[in-house]
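S.K.: Going down the list, the protein sequences come from chains W and Z. Residue numbers are given in the working numbering: position 52 of the first sequence equals residue 52, and the series is strictly consecutive. Residue numbers are given in the working numbering: position 52 of the second sequence equals residue 52, and the series is strictly consecutive.
Simulated from the structure, these hints should not be mistaken for laboratory data. Glycine included, C-beta positions come from ideal geometry on N, C-alpha and C.
Straight-line C-alpha distance at most 27 Å; calculated DSS-like pairs for lysine-lysine:
#1 LYS71/W x LYS49/Z
#2 LYS101/Z x LYS71/W
#3 LYS53/W x LYS18/W
#4 LYS61/Z x LYS3/W
#5 LYS101/Z x LYS3/W
#6 LYS70/W x LYS18/W
#7 LYS71/W x LYS3/W
#8 LYS70/W x LYS101/Z
#9 LYS57/W x LYS101/Z
#10 LYS101/Z x LYS53/W
Just a sample of chain W residues kept apart from chain Z, beta carbon distances all over 10 Å, derived:
#11 GLU62
#12 GLU69
#13 SER75
#14 GLU79
#15 THR83
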Amino acid sequence: DVKVTQSSRYLVKRTGEKVFLECVQDMDHENMFWYRQDPGLGLRLIYFSYDVKMKEKGDIPEGYSVSREKKERFSLILESASTNQTSMYLCASSSRTGEQFFGPGTRLTVL
Amino acid sequence: AQSVTQPDIHITVSEGASLELRCNYSYGATPYLFWYVQSPGQGLQLLLKYFSGDTLVQGIKGFEAEFKRSQSSFNLRKPSVHWSDAAEYFCAVGPYSSASKIIFGSGTRLSIRP
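Chain Z extracted, bound-state conformation (with noise of 0.2 Å):
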């Protein structure tokens, strides 16, 4: 079955500190993978996306993901947080085709130590 699997539900880092965000999921084809962040009372915003070419993929606001197929991975990393990146962030994984239906994790609420 194709699933994406969050598996921290919440996490607290302190200002400046790394960050990591774990994402794992399981899929037929070859993935299209998905981080998206979502802000208190907002919709979602897309980080960053991956299809294929190099494994490590940048994107908006610092963010990086690496994808490792031999793992069936993509963690989201951040090598420094700041207090405004308390969010909700959503991995997702679908299809590189049109009428895509992305699998959406369960998220992960990030929460910034001061």
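Next comes chain W alone, as it looks inside the complex (with noise of 0.2 Å):
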């Protein structure tokens, strides 16, 4: 089975603190992505990345950034985390055929 794994499952950070997500799979998937969930609005993407080093924008990626610095890993960075970004952020990985394997999610509280 895929396994995708995110560092943690609750995260309480304050206003203007640097914020990492960590994303690992399994299964040597070339693509990761990064979602936040919010009631009523579904799942918005972030960004993605479809290689190593690689990364595109998604529909919603003001004031976040990411990093994939090695195929299995996949990086979510609030370069200052701010009350708006208060969401459940959900990790994901696909092969080539596109189907998505999604991590239990973070659930982020900034304060």
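Hints in hand, dock the two standalone chains.
M.R.: Dropping the structure here:
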């Protein structure tokens, strides 16, 4: 089975802090994704990566950056956390067929 | 524009009753269609997918979905729901290719009445 893990299930940070969310997949997938999920808005794509050191902006990249130094790891960075970034963050990976496999999510609260 | 519409935000059905969750999509090319389920506090799990072939696809947990090209729909069905089916369900559409950006609907929350 494909396994996607995220470094934290719950995280509480203060406004202005730099926040790192880590995601690791064990199926040698080329593509990895970061979404945020908010009630009534569904999943919104923040960034995705189709190869090591490659990244593309999704629909809502403002206030976020990403890093992919190794194929299995995709990090989401909040340079200066703000309260409007309080959300559920979901990581996913996919093979060439496009089917995405999701991690359990990180619920981030910014105070 | 490419989009996925799930017209029902919240549905409540009785345990043992049949279920149909609606999904309509707008997509320029041949779509690759998915249904995912999300239990409270969890990530998304793939229920089933469709790209080509038989338009009625079977998934896990007893779910099935039917692709109707003429109606741009991909509705999810289950003949008899169980209390454990209470969750949020997402329909999604994407291209059959690498680096696929899947577009998700806003979800339908399913509650089960005992």
